[in-house]
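> These are the residues of each chain, in order.
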Amino acid sequence: MNPIDLGSLAERFELSLTGDRGHVVSGLATLKYATPDDLAFLANPSYASQLADCRAGAVILGAEHAGRFTGNCLISKDPYVDWARVSGFLNPPPAATAGIHPSAVIASDAAIADSASIGAQVSIGTGCRIGERVTIGPGCVLENDVEISDDARLVARVFIGHRSRLGKRVIVHPGVVIGADGFGLAFERDHWIKVPQLGRVVIGDDCEIGANTTIDRGAIDDTELGEDVRLDNQVQIAHNVRIGAHTAIAGCVGIAGSTRIGRYCMIAGASGIGGHLEICDKVVITAMSTVLESITEPGHYGSGIPARPQRQWQRILVRLGQLDDWFRRLRKTEQSTNLSNDRHE
Amino acid sequence: MNPIDLGSLAERFELSLTGDRGHVVSGLATLKYATPDDLAFLANPSYASQLADCRAGAVILGAEHAGRFTGNCLISKDPYVDWARVSGFLNPPPAATAGIHPSAVIASDAAIADSASIGAQVSIGTGCRIGERVTIGPGCVLENDVEISDDARLVARVFIGHRSRLGKRVIVHPGVVIGADGFGLAFERDHWIKVPQLGRVVIGDDCEIGANTTIDRGAIDDTELGEDVRLDNQVQIAHNVRIGAHTAIAGCVGIAGSTRIGRYCMIAGASGIGGHLEICDKVVITAMSTVLESITEPGHYGSGIPARPQRQWQRILVRLGQLDDWFRRLRKTEQSTNLSNDRHE
Amino acid sequence: MNPIDLGSLAERFELSLTGDRGHVVSGLATLKYATPDDLAFLANPSYASQLADCRAGAVILGAEHAGRFTGNCLISKDPYVDWARVSGFLNPPPAATAGIHPSAVIASDAAIADSASIGAQVSIGTGCRIGERVTIGPGCVLENDVEISDDARLVARVFIGHRSRLGKRVIVHPGVVIGADGFGLAFERDHWIKVPQLGRVVIGDDCEIGANTTIDRGAIDDTELGEDVRLDNQVQIAHNVRIGAHTAIAGCVGIAGSTRIGRYCMIAGASGIGGHLEICDKVVITAMSTVLESITEPGHYGSGIPARPQRQWQRILVRLGQLDDWFRRLRKTEQSTNLSNDRHE
Chain A
0 MNPIDLGSLA
10 ERFELSLTGD
20 RGHVVSGLAT
30 LKYATPDDLA
40 FLANPSYASQ
50 LADCRAGAVI
60 LGAEHAGRFT
70 GNCLISKDPY
80 VDWARVSGFL
90 NPPPAATAGI
100 HPSAVIASDA
110 AIADSASIGA
120 QVSIGTGCRI
130 GERVTIGPGC
140 VLENDVEISD
150 DARLVARVFI
160 GHRSRLGKRV
170 IVHPGVVIGA
180 DGFGLAFERD
190 HWIKVPQLGR
200 VVIGDDCEIG
210 ANTTIDRGAI
220 DDTELGEDVR
230 LDNQVQIAHN
240 VRIGAHTAIA
250 GCVGIAGSTR
260 IGRYCMIAGA
270 SGIGGHLEIC
280 DKVVITAMST
290 VLESITEPGH
300 YGSGIPARPQ
310 RQWQRILVRL
320 GQLDDWFRRL
330 RKTEQSTNLS
340 NDRHE
Chain B
0 MNPIDLGSLA
10 ERFELSLTGD
20 RGHVVSGLAT
30 LKYATPDDLA
40 FLANPSYASQ
50 LADCRAGAVI
60 LGAEHAGRFT
70 GNCLISKDPY
80 VDWARVSGFL
90 NPPPAATAGI
100 HPSAVIASDA
110 AIADSASIGA
120 QVSIGTGCRI
130 GERVTIGPGC
140 VLENDVEISD
150 DARLVARVFI
160 GHRSRLGKRV
170 IVHPGVVIGA
180 DGFGLAFERD
190 HWIKVPQLGR
200 VVIGDDCEIG
210 ANTTIDRGAI
220 DDTELGEDVR
230 LDNQVQIAHN
240 VRIGAHTAIA
250 GCVGIAGSTR
260 IGRYCMIAGA
270 SGIGGHLEIC
280 DKVVITAMST
290 VLESITEPGH
300 YGSGIPARPQ
310 RQWQRILVRL
320 GQLDDWFRRL
330 RKTEQSTNLS
340 NDRHE
Chain C
0 MNPIDLGSLA
10 ERFELSLTGD
20 RGHVVSGLAT
30 LKYATPDDLA
40 FLANPSYASQ
50 LADCRAGAVI
60 LGAEHAGRFT
70 GNCLISKDPY
80 VDWARVSGFL
90 NPPPAATAGI
100 HPSAVIASDA
110 AIADSASIGA
120 QVSIGTGCRI
130 GERVTIGPGC
140 VLENDVEISD
150 DARLVARVFI
160 GHRSRLGKRV
170 IVHPGVVIGA
180 DGFGLAFERD
190 HWIKVPQLGR
200 VVIGDDCEIG
210 ANTTIDRGAI
220 DDTELGEDVR
230 LDNQVQIAHN
240 VRIGAHTAIA
250 GCVGIAGSTR
260 IGRYCMIAGA
270 SGIGGHLEIC
280 DKVVITAMST
290 VLESITEPGH
300 YGSGIPARPQ
310 RQWQRILVRL
320 GQLDDWFRRL
330 RKTEQSTNLS
340 NDRHE
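If you're matching them up, the sequences are chains A, B and C in order.
For the first sequence, numbering that gives the first Met the number 0 begins at 0 and goes up steadily by one.
For the second sequence, numbering that gives the first Met the number 0 begins at 0 and goes up steadily by one.
For the third sequence, numbering that gives the first Met the number 0 begins at 0 and goes up steadily by one.
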């Protein structure tokens, strides 16, 4: 990153600065490893004790922690958000060179903006439209009639199936498969018949799709992600799922077919959501939970079980298997107790 | 798709038609969005209420629902199967152009049928045999001595390890890795030694493998899929697993090494199956279940827990931890009750 | 493999041979399928009964089983380790031809050892350093400033993000994504802001990374794997995770951000480990468990639930939902019993 003085940073991001306006930072680091040339931040209060020994050239932090750092402070109402903004400003995504690498194979009728960057070994099918300043990194494959909007970035080795449409500024990480066939099968007597998958995948502006995530095309209608949906790595989105704007989904989550997820939901890692469900806005699913019914009220939901020492857990498993029997015994004991009490009353 | 009249459809698929034999459909759509140019279908009875306002040019449906639709009906005993057949007929997979793309890198001794289509940036190793009308899409990598049978289709960016063998009409979606080394390790004193993985992957006719699924080669013997096995996306099949014909496995399922799955099984999403097990024919595993013992009787099995509001779930977790203690208390109460009852008898 | 006589094998691997020193084996096989030309092994005692009918030219086995096999025995203190060593010696990884395939696209300033093998359709960015005898298989993409140490092998279609560093002899299987951006997001009022991911991925010597596994780059500091870490397929390692030497992680495991895993841990399939945790050395996590708290004592931990017949499981689920209520009833019954007992005392 280019060096910048703290006064300029404070002004640009409307942060209040205590300390040396002229001090120049040229790197970003954690509190623990920062040198006087680095900018650091404090968002999670449990790291506040590191301020005492911190050597950073400046720290972005809340006013409540400023007294604990003797160096330069950039005081923020939301240090993590301001860190994201400052860090994003200082580390813009690599500006890819406009133009088409000679090893790319491009259909003659594909419409590719002059400002787009098409990398090595890319394959682009007939009828594709690639917007301004789009980056398509090495090894990506776009089937026919794909539309990639302005400023989107396909990092590398991404597959986009025919007729898919990606919004502006969408980021797609390596290994992602968008628009493969959904898992559509009909069982006829003694074997499966494939049901053609005719819908598209439509992804809104500002979405980010993590590495090796898969998003299937719709069976007839489309699979849809609203704007600003954020998917982590190895997420599986089945055909005809619709995900509302601003929803974030952590790694290894699977969502079965035709389920609709609301806006501003957060789904923690490795959870599974069944098919044909409706999850309303602002639902939080905790880690490794299984959602098998629709959810109509915002709030937190879960069914993950924290691990214990294996012997303890084995005893609980044994007890789980006995629950039904024990419930009957409890009922009997209750009756017996009532009986014995009754006799005395 | 090419336009077709309802009379021709009824005849070809042995459906009984009520309505206008000459009406022409040129698209497929859901009941909700169909126009008079579209064919639609009704398989799930919960959508039957949509028939009232449906504008479709014709609907494939069961006789029991025909009275609820005023338009043209194609009456079927199994509407979903007939939809699959009709839709497959009207939407054949894209006919790839026979021939080898000039950017593909092909070993000189690979035997490739003239009718096969080899896409851009493909790499095919020595000794490979590629059958009639096979399609190998852009970016696929075939190591040495791979055999791909007639009419198979590797969509794009598929990896096939050396000596693997794929049956006829197999479909492999993007990002799939077939024939990588299994997870074979021996622990010697203080470090791991890699155990060479010498087996193959052998995949039967008519299988379909979903995006980013992985199937490891066998350690010594082969990893095998029978015919018509259907795997969804992000499934993990470890070394020496054998899967019986017509079994379907949904997304994100993992199957550990040397396990044998029967024929006509169905494994729902995100389930895990341990190693060295035998699962008999016609077993259904419900979503997000963990199978740790062999199953010898057909039927449904599961251990997934549906999510609840997090506070409710937290209370249940607390109770789970107390189960063992609670069981002791119940036993004591029983004895005490018997005691008190005994005293009176 | 090249044929070898048993005497030579016994000598090289310090095994004690009973039988014909001059017998030559030219293949490896399981006890069940071995022919007189094959070497087999017995490690798992449950297969010992197969010795009776075994036709193998020789079997590597423990002294305690030697009496049950009438053929040639190579007697070992740890048959699986010796099998791994013998098998590795007889099946060295394919020696790739040194040199750069003409279809590869290599930055002019990349430093590539003459003994390295760069495959078809590979893309290597500026500033990369590729060590001696490294193999980079077809379709791999290396961004800028990547360092691959001597004797490492990227099988095919691997992505390595900028500034990542891989140690010596590391093996990376197809579809792996190393060094994609971590899932770093800050929520500002009504939308997400991407937090730039500035750290690297640093992988120690002798690691092996399974197919379609993902390892994200650090947010600020690095994501790190110690030496001899073994990851199976479809594992997800989030940003800033650190994994100690000799730890093995089975398929489909996910580890959330900033968690530190100790040395010599074993994590079974499909388990999930939360973020910001510390797992000490020599911890074993059983299959499909959820770890949500730090672990400070070596040992086995788990929370996976074995599947049962679905009806049984449904009853247990009903009981789980009633636990809280039943606990209250038990307490009441206890009091009532005490009461009734007290009355009599």
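These aren't lab readings, by the way, just hints derived from the structure by calculation.
Ideal Cβ placement from N, Cα and C applies to all residues, glycine included.
A couple of the hints might just be wrong.
To be verified - To be clear about the criterion: a stretch of chain B counts as covered by chain A if any three or more of its residues have a C-beta under 8 Å from a C-beta of chain A, and this derived list gives those stretches:
| no. | segment |
| --- | --- |
| 1 | 196 to 210 |
| 2 | 231 to 243 |
Unchecked claim - No more than 30 Å apart at the CA atoms, straight line, and that leaves these computed lysine-lysine pairs for BS3-like:
| no. | chain 1 | residue 1 | chain 2 | residue 2 |
| --- | --- | --- | --- | --- |
| 3 | A | LYS331 | B | LYS331 |
| 4 | B | LYS281 | B | LYS331 |
| 5 | C | LYS193 | B | LYS193 |
| 6 | A | LYS193 | B | LYS76 |
| 7 | B | LYS193 | C | LYS167 |
| 8 | A | LYS281 | C | LYS31 |
| 9 | C | LYS281 | B | LYS331 |
| 10 | A | LYS31 | C | LYS193 |
| 11 | A | LYS76 | C | LYS193 |
| 12 | A | LYS31 | C | LYS76 |
| 13 | A | LYS193 | B | LYS281 |
| 14 | A | LYS331 | C | LYS331 |
| 15 | A | LYS193 | B | LYS331 |
| 16 | B | LYS31 | A | LYS281 |
| 17 | B | LYS193 | C | LYS31 |
> Take the hints in turn and mark each one as holding or not.
Tested hints:
no.: 1; hint: 196 to 210; result: holds (count 4)
no.: 2; hint: 231 to 243; result: holds (count 3)
no.: 3; hint: A/LYS331 to B/LYS331; result: holds (14 Å)
no.: 4; hint: B/LYS281 to B/LYS331; result: violated (44 Å)
no.: 5; hint: C/LYS193 to B/LYS193; result: violated (39 Å)
no.: 6; hint: A/LYS193 to B/LYS76; result: holds (18 Å)
no.: 7; hint: B/LYS193 to C/LYS167; result: holds (15 Å)
no.: 8; hint: A/LYS281 to C/LYS31; result: violated (57 Å)
no.: 9; hint: C/LYS281 to B/LYS331; result: violated (39 Å)
no.: 10; hint: A/LYS31 to C/LYS193; result: holds (23 Å)
no.: 11; hint: A/LYS76 to C/LYS193; result: holds (18 Å)
no.: 12; hint: A/LYS31 to C/LYS76; result: violated (48 Å)
no.: 13; hint: A/LYS193 to B/LYS281; result: holds (20 Å)
no.: 14; hint: A/LYS331 to C/LYS331; result: holds (14 Å)
no.: 15; hint: A/LYS193 to B/LYS331; result: violated (59 Å)
no.: 16; hint: B/LYS31 to A/LYS281; result: holds (27 Å)
no.: 17; hint: B/LYS193 to C/LYS31; result: holds (23 Å)
Against the hints set out earlier in the document, violations occur for numbers 4, 5, 8, 9, 12 and 15.
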